[in-house]
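**Student:** Below are the chains, spelled out letter by letter.
There are 4 protein chains.
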Amino acid sequence: MPAPDQPTPDLGRLIVQGADQPGIVSAVSSVLARAGANVVSLDQYSTGFAGGRFFQRTAFHLDGLAGHLPTLSAELDEALGSLGLSYRLIEARKPKRVAIMASKSDHCLLDLLWRQRRGEIPMNIAMVISNHPDLGEDVRGFGIPFIHVPVEKGAKDVAEKEHLKLLKGNIDLLVLARYMQIISGDFLEEVGAPVINIHHSFLPAFVGAGPYQKARDRGVKLVGATAHYVTEDLDEGPIIEQDVVRVSHHETTPDLQRRGADVERQVLSRAVTWHCEDRVLLNGNQTVVF
Amino acid sequence: MPAPDQPTPDLGRLIVQGADQPGIVSAVSSVLARAGANVVSLDQYSTGFAGGRFFQRTAFHLDGLAGHLPTLSAELDEALGSLGLSYRLIEARKPKRVAIMASKSDHCLLDLLWRQRRGEIPMNIAMVISNHPDLGEDVRGFGIPFIHVPVEKGAKDVAEKEHLKLLKGNIDLLVLARYMQIISGDFLEEVGAPVINIHHSFLPAFVGAGPYQKARDRGVKLVGATAHYVTEDLDEGPIIEQDVVRVSHHETTPDLQRRGADVERQVLSRAVTWHCEDRVLLNGNQTVVF
Amino acid sequence: MPAPDQPTPDLGRLIVQGADQPGIVSAVSSVLARAGANVVSLDQYSTGFAGGRFFQRTAFHLDGLAGHLPTLSAELDEALGSLGLSYRLIEARKPKRVAIMASKSDHCLLDLLWRQRRGEIPMNIAMVISNHPDLGEDVRGFGIPFIHVPVEKGAKDVAEKEHLKLLKGNIDLLVLARYMQIISGDFLEEVGAPVINIHHSFLPAFVGAGPYQKARDRGVKLVGATAHYVTEDLDEGPIIEQDVVRVSHHETTPDLQRRGADVERQVLSRAVTWHCEDRVLLNGNQTVVF
Amino acid sequence: MPAPDQPTPDLGRLIVQGADQPGIVSAVSSVLARAGANVVSLDQYSTGFAGGRFFQRTAFHLDGLAGHLPTLSAELDEALGSLGLSYRLIEARKPKRVAIMASKSDHCLLDLLWRQRRGEIPMNIAMVISNHPDLGEDVRGFGIPFIHVPVEKGAKDVAEKEHLKLLKGNIDLLVLARYMQIISGDFLEEVGAPVINIHHSFLPAFVGAGPYQKARDRGVKLVGATAHYVTEDLDEGPIIEQDVVRVSHHETTPDLQRRGADVERQVLSRAVTWHCEDRVLLNGNQTVVF
Numbered sequence: 049m050p051a052p053d054q055p056t057p058d059l060g061r062l063i064v065q066g067a068d069q070p071g072i073v074s075a076v077s078s079v080l081a082r083a084g085a086n087v088v089s090l091d092q093y094s095t096g097f098a099g100g101r102f103f104q105r106t107a108f109h110l111d112g113l114a115g116h117l118p119t120l121s122a123e124l125d126e127a128l129g130s131l132g133l134s135y136r137l138i139e140a141r142k143p144k145r146v147a148i149m150a151s152k153s154d155h156c157l158l159d160l161l162w163r164q165r166r167g168e169i170p171m172n173i174a175m176v177i178s179n180h181p182d183l184g185e186d187v188r189g190f191g192i193p194f195i196h197v198p199v200e201k202g203a204k205d206v207a208e209k210e211h212l213k214l215l216k217g218n219i220d221l222l223v224l225a226r227y228m229q230i231i232s233g234d235f236l237e238e239v240g241a242p243v244i245n246i247h248h249s250f251l252p253a254f255v256g257a258g259p260y261q262k263a264r265d266r267g268v269k270l271v272g273a274t275a276h277y278v279t280e281d282l283d284e285g286p287i288i289e290q291d292v293v294r295v296s297h298h299e300t301t302p303d304l305q306r307r308g309a310d311v312e313r314q315v316l317s318r319a320v321t322w323h324c325e326d327r328v329l330l331n332g333n334q335t336v337v338f
Numbered sequence: 049m050p051a052p053d054q055p056t057p058d059l060g061r062l063i064v065q066g067a068d069q070p071g072i073v074s075a076v077s078s079v080l081a082r083a084g085a086n087v088v089s090l091d092q093y094s095t096g097f098a099g100g101r102f103f104q105r106t107a108f109h110l111d112g113l114a115g116h117l118p119t120l121s122a123e124l125d126e127a128l129g130s131l132g133l134s135y136r137l138i139e140a141r142k143p144k145r146v147a148i149m150a151s152k153s154d155h156c157l158l159d160l161l162w163r164q165r166r167g168e169i170p171m172n173i174a175m176v177i178s179n180h181p182d183l184g185e186d187v188r189g190f191g192i193p194f195i196h197v198p199v200e201k202g203a204k205d206v207a208e209k210e211h212l213k214l215l216k217g218n219i220d221l222l223v224l225a226r227y228m229q230i231i232s233g234d235f236l237e238e239v240g241a242p243v244i245n246i247h248h249s250f251l252p253a254f255v256g257a258g259p260y261q262k263a264r265d266r267g268v269k270l271v272g273a274t275a276h277y278v279t280e281d282l283d284e285g286p287i288i289e290q291d292v293v294r295v296s297h298h299e300t301t302p303d304l305q306r307r308g309a310d311v312e313r314q315v316l317s318r319a320v321t322w323h324c325e326d327r328v329l330l331n332g333n334q335t336v337v338f
Numbered sequence: 049m050p051a052p053d054q055p056t057p058d059l060g061r062l063i064v065q066g067a068d069q070p071g072i073v074s075a076v077s078s079v080l081a082r083a084g085a086n087v088v089s090l091d092q093y094s095t096g097f098a099g100g101r102f103f104q105r106t107a108f109h110l111d112g113l114a115g116h117l118p119t120l121s122a123e124l125d126e127a128l129g130s131l132g133l134s135y136r137l138i139e140a141r142k143p144k145r146v147a148i149m150a151s152k153s154d155h156c157l158l159d160l161l162w163r164q165r166r167g168e169i170p171m172n173i174a175m176v177i178s179n180h181p182d183l184g185e186d187v188r189g190f191g192i193p194f195i196h197v198p199v200e201k202g203a204k205d206v207a208e209k210e211h212l213k214l215l216k217g218n219i220d221l222l223v224l225a226r227y228m229q230i231i232s233g234d235f236l237e238e239v240g241a242p243v244i245n246i247h248h249s250f251l252p253a254f255v256g257a258g259p260y261q262k263a264r265d266r267g268v269k270l271v272g273a274t275a276h277y278v279t280e281d282l283d284e285g286p287i288i289e290q291d292v293v294r295v296s297h298h299e300t301t302p303d304l305q306r307r308g309a310d311v312e313r314q315v316l317s318r319a320v321t322w323h324c325e326d327r328v329l330l331n332g333n334q335t336v337v338f
Numbered sequence: 049m050p051a052p053d054q055p056t057p058d059l060g061r062l063i064v065q066g067a068d069q070p071g072i073v074s075a076v077s078s079v080l081a082r083a084g085a086n087v088v089s090l091d092q093y094s095t096g097f098a099g100g101r102f103f104q105r106t107a108f109h110l111d112g113l114a115g116h117l118p119t120l121s122a123e124l125d126e127a128l129g130s131l132g133l134s135y136r137l138i139e140a141r142k143p144k145r146v147a148i149m150a151s152k153s154d155h156c157l158l159d160l161l162w163r164q165r166r167g168e169i170p171m172n173i174a175m176v177i178s179n180h181p182d183l184g185e186d187v188r189g190f191g192i193p194f195i196h197v198p199v200e201k202g203a204k205d206v207a208e209k210e211h212l213k214l215l216k217g218n219i220d221l222l223v224l225a226r227y228m229q230i231i232s233g234d235f236l237e238e239v240g241a242p243v244i245n246i247h248h249s250f251l252p253a254f255v256g257a258g259p260y261q262k263a264r265d266r267g268v269k270l271v272g273a274t275a276h277y278v279t280e281d282l283d284e285g286p287i288i289e290q291d292v293v294r295v296s297h298h299e300t301t302p303d304l305q306r307r308g309a310d311v312e313r314q315v316l317s318r319a320v321t322w323h324c325e326d327r328v329l330l331n332g333n334q335t336v337v338f
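Protein chains in written order, with the numbering used here: chain A, 49 to 338; chain B, 49 to 338; chain C, 49 to 338; chain D, 49 to 338.
Hints are supplied without guarantee of correctness; some may be wrong.
Distance windows between CB atoms, simulated [said to hold, decoys possible]:
id: 1; chain 1: A; residue 1: His-298; chain 2: C; residue 2: Pro-57; range: 52 to 60 Å
id: 2; chain 1: C; residue 1: Glu-168; chain 2: A; residue 2: Asp-281; range: 51 to 59 Å
id: 3; chain 1: A; residue 1: Gly-99; chain 2: B; residue 2: Pro-57; range: 42 to 50 Å
id: 4; chain 1: C; residue 1: Gly-233; chain 2: D; residue 2: Asp-125; range: 31 to 39 Å
id: 5; chain 1: A; residue 1: Leu-214; chain 2: D; residue 2: Ala-257; range: 32 to 40 Å
id: 6; chain 1: D; residue 1: Arg-141; chain 2: A; residue 2: Val-255; range: 34 to 42 Å
id: 7; chain 1: D; residue 1: Ala-257; chain 2: A; residue 2: Gly-191; range: 30 to 38 Å
id: 8; chain 1: C; residue 1: Gly-258; chain 2: D; residue 2: Ser-134; range: 43 to 51 Å
id: 9; chain 1: C; residue 1: Lys-152; chain 2: B; residue 2: Gly-189; range: 49 to 57 Å
id: 10; chain 1: D; residue 1: Arg-307; chain 2: C; residue 2: Gly-189; range: 26 to 34 Å
These aren't lab readings, by the way, just hints derived from the structure by calculation. Computed from a prediction, not measured in an experiment: that's the story for all the values here. Beta carbons are placed, not taken as given, at the ideal position from N, Cα and C, and that holds for glycine.
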């Protein structure tokens with residue numbers, strides 16, 4: 049038995065969000081029912097009875113989905129537009145186009161490449177960009193282009209221009225897999241796709257550089273990792289996923305880095321998977337993860 | 049801001065299940081929308097595209113809910129009856145009527161009593177029945193009736209008759225909080241309410257008596273607990289919730305019992321809470337937990 | 049089979065710490081061996097090969113332990129004094145004398161009282177002090193004195209004087225079980241016993257008041273609790289234990305408080321247990337937990 | 049600061065086990081102290097006060113360790129032989145020689161290869177043997193020999209002879225990384241090294257083939273994995289490590305396999321790491337993990 053949300057040519061996803069009000073679920077499901085679609089999973093969340101914000105993700109099966117899209121869109125425009133709701137209608141068979149940026153650490157990058165090869169994440173990795181050449185051989189071994197864009201001191205804008213040339217229009221998602229450079233606000237505005245970063249601490253603890261050393265100094269008993277959307281405010285973007293692992297006085301800072309690396313790769317892989325399955329909705333600076 | 053599923057006079061829950069087919073979600077939500085209800089949370093699950101089983105739990109807010117129930121029921125009968133689906137329409141403001149059976153161990157029992165006092169579980173504990181007198185003072189300290197029904201060797205049927213006299217018609221749920229007696233099939237048939245048990249192992253490992261000793265002998269590195277509905281087949285009923293805790297070679301069998309007791313009380317409390325919030329649906333010998 | 053560290057009349061514990069150097073383990077174990085003691089558990093930790101700090105906890109069995117103490121002490125003075133090491137020699141049969149301070153929340157307090165009644169923590173709870181009368185009946189139900197010491201606005205020093213009168217010389221440990229008052233540095237100096245506090249967040253995230261609201265606002269995916277020794281710097285003392293629980297967008301701030309309460313009571317109970325078993329050693333602002 | 053147990057030319061490990069009796073720790077540490085060794089970590093465990101079994105692992109630093117080994121051995125023979133204790137004296141700088149057997153699944157195998165390349169596990173992987181050719185390219189990409197030994201139906205003894213020719217005398221440990229063939233008792237006797245297997249369930253639940261399907265059918269809420277030493281009794285050998293991951297009704301059997309694969313690779317990597325650091329001691333059919 050295939051998993052209900054397994055991408056097939058005929059699986060669609062409908063994301064709806066906006067101001068909560070009675071009748072939204074009914075309006076959405078009526079449109080789908082009239083088209084002959086079968087709802088295979090539906091998640092709904094509202095921040096409150098009155099004056100709240102409404103979020104819904106529906107996965108549905110509809111024979112010949114691609115052909116029905118124009119009609120479905122027209123009906124959704126009519127049903128939802130008057131309610132002031134926005135929606136996205138997605139064909140699940142189309143994997144997200146993803147680029148990954150990395151530096152010298154391989155753990156997060158390799159885990160993503162390996163999961164994509166196994167078919168665990170519905171994405172196509174278009175390219176890997178790095179400010180160091182070290183990981184080239186590994187990446188190309190997966191059959192994926194590796195592009196080395198050095199970042200010269202004081203000339204980040206040059207590098208970012210090259211990045212934008214490679215990325216703009218070509219991707220649906222950019223993943224920073226331990227890319228050790230700060231991204232400019234201009235870049236974020238221009239790249240035209242959401243950016244996910246993995247921070248190597250349990251945010252908001254230990255923001256900034258060197259979190260494992262800070263964790264060691266503070267003597268915490270758990271270390272963690274946080275995957276979040278990147279905004280101009282460093283380490284302050286909406287959190288998608290977090291996890292922790294238990295440590296003790298025995299662990300030195302390098303030990304914490306090793307233990308943490310395992311958490312980082314899991315947390316980032318989960319966040320990327322959920323994003324590529326259209327499970328992550330933005331609610332201000334928070335996320336709703338269905 | 050109240051939690052969306054916080055019981056208020058006007059919060060309703062609608063549970064629908066049956067053979068999957070296109071249009072169910074739409075039919076259900078249309079009925080609710082016509083009544084002016086606002087869906088505050090909706091969970092839906094289907095075991096497959098075609099020929100699958102369908103499960104849905106909807107929590108909704110409707111001003112003056114009690115007065116709308118007859119109309120809602122009539123409309124649901126019409127909308128769902130023709131599709132061969134069954135449904136339950138529940139007023140969340142009515143807590144479940146619960147009885148607890150226990151023996152000498154206090155940890156699961158006290159955790160339930162304490163959580164009910166804090167308002168964490170939407171239930172009224174009507175009585176506690178025990179085959180031993182030991183826990184009477186603790187229970188009565190919470191203002192709850194404690195009834196001692198000894199079980200004489202070879203005369204369990206006598207005790208069960210007394211149990212049934214106390215329970216039949218008076219409860220919506222019976223919880224076995226480490227009640228160390230086997231329940232007969234006749235009792236289960238007659239009691240007229242679901243029965244939840246806590247088993248002190250990670251089922252299906254270590255069925256039967258003495259699971260912690262068996263766990264020690266096998267040298268496992270985790271011990272656990274399982275909350276399940278009771279059926280005639282001992283330790284084989286549908287599992288609602290499970291959890292584990294890490295142990296090591298240092299732990300003796302009494303240590304495992306102590307460590308396990310913490311897991312038992314958490315697992316049982318979660319299972320009872322979810323049941324009382326109508327989140328647990330039966331799917332053959334499995335559960336769907338929304 | 050009793051747990052090796054089960055308090056019996058003849059179980060002793062020896063804690064040694066100081067500058068690391070070759071031969072310490074040998075010196076300690078020679079003293080114990082000459083006395084005829086049997087080591088039942090030994091934990092040792094050193095922060096580095098050279099110039100490091102040394103920590104050791106040894107649990108041993110010695111028939112007629114009390115009678116051997118003067119000789120053991122004399123031999124340890126000789127063996128360890130010359131190495132510049134400090135030590136504590138403890139009879140495990142003597143439970144720690146503990147006072148608990150609480151306010152209105154019962155979850156941490158009741159968990160400690162209940163575990164002590166079950167014999168899970170080697171302590172005698174001498175008294176519970178509260179700035180509110182609410183929890184008196186619960187505490188006295190366990191047969192433990194409850195003393196209500198109101199804290200008038202601007203007159204904390206009056207209350208603290210009364211606290212000190214009750215506590216000084218009478219306790220080995222003071223536990224703040226969600227006591228919602230800041231403790232003065234003077235009090236800490238005078239009380240003559242270590243003080244353990246439970247902070248309702250995963251420190252160093254969300255220091256100060258209202259951590260669950262802050263966690264909700266930041267949209268974290270895990271909430272936690274931290275047990276630490278109290279120092280003059282609020283929320284900055286040495287961490288003994290931490291844990292977390294997964295939450296989602298569904299949880300409101302009151303939900304987080306409820307979920308967090310479960311973690312708080314577990315974390316505090318573990319920290320108090322470990323302290324009372326002499327497992328927690330101070331290493332600057334960090335702890336070594338054996 | 050290097051981790052205390054970081055292999056350096058001068059780090060030694062001493063494993064002692066046998067019948068418990070007073071004076072063992074002292075005897076061992078005296079030998080080490082006389083040689084000028086500095087104990088950097090010491091773990092000791094005893095199954096009981098009298099008639100128990102004794103286990104000790106000591107890591108120590110001794111300048112010019114290799115040159116001291118003959119003297120140390122002679123002294124340990126004298127000190128421990130008379131007490132009927134066995135011991136192993138190990139130079140930590142020598143990584144374990146390891147062979148891995150796999151079939152078609154890559155997740156456990158790749159995780160071990162990758163961790164060894166990162167320097168996380170003190171082992172040299174001498175070769176990978178598989179009954180299928182599929183993983184050859186991946187393995188050789190890590191610079192490690194891959195040997196394809198097909199197992200013809202009814203001719204397992206032929207394959208095992210070839211395995212033994214490759215392995216005997218060449219390895220300190222054999223790891224079965226999802227090798228889907230049953231190993232004969234004769235092979236285990238002849239191979240001359242311990243064998244670690246990863247079982248894809250939380251043993252003793254779901255022994256034998258198809259554990260994820262069995263887990264789905266039983267409706268469990270957690271799936272797990274178990275790393276154990278291989279004995280003639282299938283799935284019954286001493287357990288080294290276990291872990292679990294939470295699942296729900298949503299997960300199909302392939303989903304469980306995917307979720308479980310993550311746990312399998314973590315559990316196996318931890319077990320192999322601990323074995324290679326000489327942290328795993330056998331106690332009958334159980335393990336002591338220091």
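**Student:** Hint by hint, work out which the structure violates, then give me just those numbers in ascending order.
**Tutor:** 1, 2, 3, 4, 5, 8, 9 and 10
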